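Novice: Listed below are the residues making up each chain.
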Amino acid sequence: MSSAYLPETKLDLFSVPIFSRTTIGTAIFRSAAFFLAGVVFLIVAYVLSEGWRGLTPGFIFTRAGGSNGEGMFDPEHSGVFDMVVGTVLLVFLMTILVMPVGIITGIFLNEFADSRSWTSRIIRSSINNLAGVPSIIFGLFGLGLFVLTIGSGIDAYILQTKNPVWGKPSLIWAALTLAVLTLPVVVVSTEQALRAVPTSIRDAALGMGATKLQTLWKIVLPQASAGILTGGILAVSRGAGEVAPIMFTGAVYYMKNLPQGLTDPFMELGYHVYNMATQSINIDQVRPLLFSTVTTLLLLTFLLNAVAIFARARVRRRLQNLQHD
Amino acid sequence: MNPTTTSLPELSRGTVLGFVPPQELEKELSVTLYERPGSYLENAIIRGITLISYSAIAAVLLIFIFIAKESLPVLLQQTDNSRSGLTMKPEDAVNKSPAELAVFLQLTESQVARLSPDVLQQLIVSRNEELKAGNSPDSKLNTTTWGMMFLPYQWEGYNMPVFIWQPIGNIEKYNVIPLIFGSLKITFIALLFAMPLSLMAATYVSQLARPETREVIKPFIELLAGVPSVVLGFLGLTGLSVLLGPLHIFDSHYTPLNALVAGMALALAVIPVIFTIAEDAITAVPVTHKRAALAIGATNWHATMRVVVPAAMPGIFAAVVLGFARAIGETMVVLLASGNAATLDLSIFQSARTLTATIAAELNEAAQDSAHYHILFFIGTMLFFITFLGNILADIILQRLKSRLEGSTAAEAHRLAEQAETQLGSSVV
Amino acid sequence: MSTPVQTYDADSGQAKSYTLASAPDETARQAALPPIIQVEHLSLFYGRHQALNDVTMQIPRQAVTAFIGPSGCGKSSLLRCFNRMNDFIPKTRVTGRVFFQNQDIYDQQINPIRLRRYIGMVFQRSNPFPQSIFDNVAFGLRLHRLGTPQEIGQQVEICLQKVGLWEEVKDRLKMNAVNLSGGQQQRLCLARAISINPQVLLMDEPASALDPVATAKIEELILNLKQDYTIVIVTHNMQQAGRVSDYTAFFYMGQLVEFDAKENIFSSPKEEATEAYINGRFG
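Residue numbers (our numbering), protein chains in the order written: chain A, 1 to 325; chain B, 1001 to 1429; chain C, 2001 to 2283.
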């Protein structure tokens, strides 16, 4: 307590060591983070710079086989129209299939189920597992269940035909396979969006004699809609990039016509990239075509994202500023 | 719906909504309080919601059932691709049973059943010639037994027992060890790159970076999750393999597409998984822990490394486990960038063939119901179980971490919150 | 201050005559009325934790009853029993009985959703819906299908008048309610609660998150509203209990220690624990 206990030397309150564990450690960690961000930037920049020139409207709107239906690997005459159509159709169908189931499951887990009950634990653990199952397994699953069991079943017992109509790889089976694959994405983001709605608001509605469903429909869902839409975006961008699950369930190497219905197979951008990269005889000749296709794939996912992000921003604005309408 | 500007005296008492006169209250309550909770429609909707939510469980079960179903012949050892090794008389086409013919011709019974005797005779003749040309004792082997699939075997012409995956050829060799080895080798290389980088980046972004830096870096790294894996594989094939080309001076047998190229490309697919989960886990550590450390004079670095990161350790471990599951299950990257040669070479400059790439490359070529087809599904079952166990493990770890960080059950949490708020209030008194 | 809507006067005009100054007479009058809520041997468990232990009491009609007590004494839990909001907390178990207007509200047949239409609640933190001010107050009326759109408009105005918010917000009824100040939000929640004319208003520390000026406004409102509603209020603030309540109940460790008219509790408590708490010796 007495001044005798004070150190003789002056207290050092100013020095900032330049080389210490703190500064060196932080520097290492910082460089790791910046390195990763830089790698991502480089990847996107590399693809765009290589593929940018080939990305003309002509390229997008020309059929895969060129105007004469020949020379899929001919950089002069070939386009990606079939693949873009196939990808958009596939992702669109998948979204329609996955969104209702995913949103409802998210609602159930967050609003109706007791989080410690066995049901909710098993469902949650299933969702986590579904998110971790390798994408190629989804391909095997889609082939085994949808194409060979359900599809062939329809052909054999309902249509009674020998020529496979449903029992072959097609748009609908690929979309269903992708819907199962993207289910966890939608469920998890729906849950997060619902969790972000404060309990006090729910209490207020329940305290006035609203039922759980009324509270959900009138108070909670309007609040959470922006977040739920984010789930849709994430699912779409995941689905548009997956190739392994559709290899056996619907995507084909080449098709003369665009898909006419749900039971037609289709060409897809990602699968086409894989085909061109592995099947072409002269890789250097196909290179510009390849990069343009990869750029299209990247831009398509970004475009789908942009549309959904725009929609999300609109919902959010409407919620925040009610006085402007 | 606009509120009217009616002046108050005009409102008669009769229009006061929801008001129940005291004498009538008891009568009304005795009816309304006993109404069924919710309408029939609402109950039906809730039941529907519950039912639809089970579809996630159904999906996992169906995946398991349909993969396992197709691999059942292998699991039960019912497949037999051995050949008699003896020639068959063409006249026997009518006498022999379809099952025997199927084995001899390497076809399935249903395929045999569809063929006419003439065609069968021709097939038998050509098969006889084929067998004469390559009359190897190995052709009498059933190469789909457990032993042939997992143990080394000394094939004719080899001077020691070896592991070989060679599903196309005169004698199909289905040893899966080279594939498992290839998967593990590439996964190991990928994790070697991805783990330190993404964990350091996650720690930095969550704890060390200034908010404005975080807002720039985080979306960039998360953008990587949105890059399709086929694009990453393609980049490995065209970019990385060229970039790493000069490394051939270290290995005389250098192949341009090798485990290192595939591993590095795969790391790009794994980084967002590890980064996101680890970042979540680190951010979930209550800020009070860190403040306590800062208050006794620790630097931000020491507070992070000695308090926050240890508290988030289970989550970080789970992130690595899930990263491993993602790496071993990733298909397109390795299919494009690994070179796909099934070898047991330890060198990182050699090609490797993974379990996933094998399924992707060969399933379209394997005839339905052939031994090859069933074995590919068997590989799928193995993959499913490996990732399933990884997921369950990570799930348990993350749940434990969550309950540890968030404290106890909901009722207790409610009680604690009540106490805490009451204490705040009473300290004012 | 006269309220625009008077209570339906069942007791031959008595209600009109009472004033705040004649509190003791009023207490005697209230005591003559049958109680609106009767609690009999109520115990409440959250899992293994017992929050309430054998509480028996009667909440008088058309009066303000305040629950006081130290942290975790179960006063909020008891309040939430009255409109069965505890149902939402998992593993909650209740024994004993609670009668509201002679109906056992923990009866198997009772629909708690209907119950909450008669017993409104105001929470500790203001919780307006992220909707317009008008929609917030109209929510309950629309929910229970009370009245035409025009009548709803009138009722919204009346309720906002009652809570003294009308003059402040009448030009911006379409503004999002979350943009109001804390005190305004809490008064809006009060307007929302009384919009469907509940019989009882439960208030769970309605002013604990507000500044002194907003608190004073809420207290003034409570005194005005007790002409129309039975009010049960949980508070930590003993001065507040002294200012607004007619009856005060003191809880300790999940038990009802003492329940009497406010004057008796504050001036001559019978129990030692009550006295200790009132004098600030623990809390």
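Hints were generated in silico from the structure; no laboratory data involved. Hints may contain errors.
[Claimed, not checked] Straight-line distance between alpha carbons at most 27 angstroms, and here's what the computed DSSO-like set of lysine-lysine pairs gives: (1) B:LYS1069 - A:LYS168; (2) A:LYS218 - A:LYS162; (3) A:LYS256 - A:LYS162; (4) B:LYS1096 - B:LYS1140; (5) C:LYS2270 - A:LYS218; (6) B:LYS1218 - B:LYS1290; (7) B:LYS1218 - B:LYS1096; (8) C:LYS2091 - A:LYS212; (9) B:LYS1290 - B:LYS1140; (10) C:LYS2270 - C:LYS2217; (11) B:LYS1089 - B:LYS1027; (12) A:LYS212 - C:LYS2174; (13) C:LYS2217 - C:LYS2170; (14) B:LYS1402 - C:LYS2091; (15) B:LYS1069 - A:LYS162; (16) C:LYS2174 - A:LYS218.
Fair warning: this is a prediction, and the values are worked out from it, not measured in the lab.
Novice: What hints, given by number in increasing order, does this structure fail?
Specialist: 2, 5, 7, 9, 10 and 11
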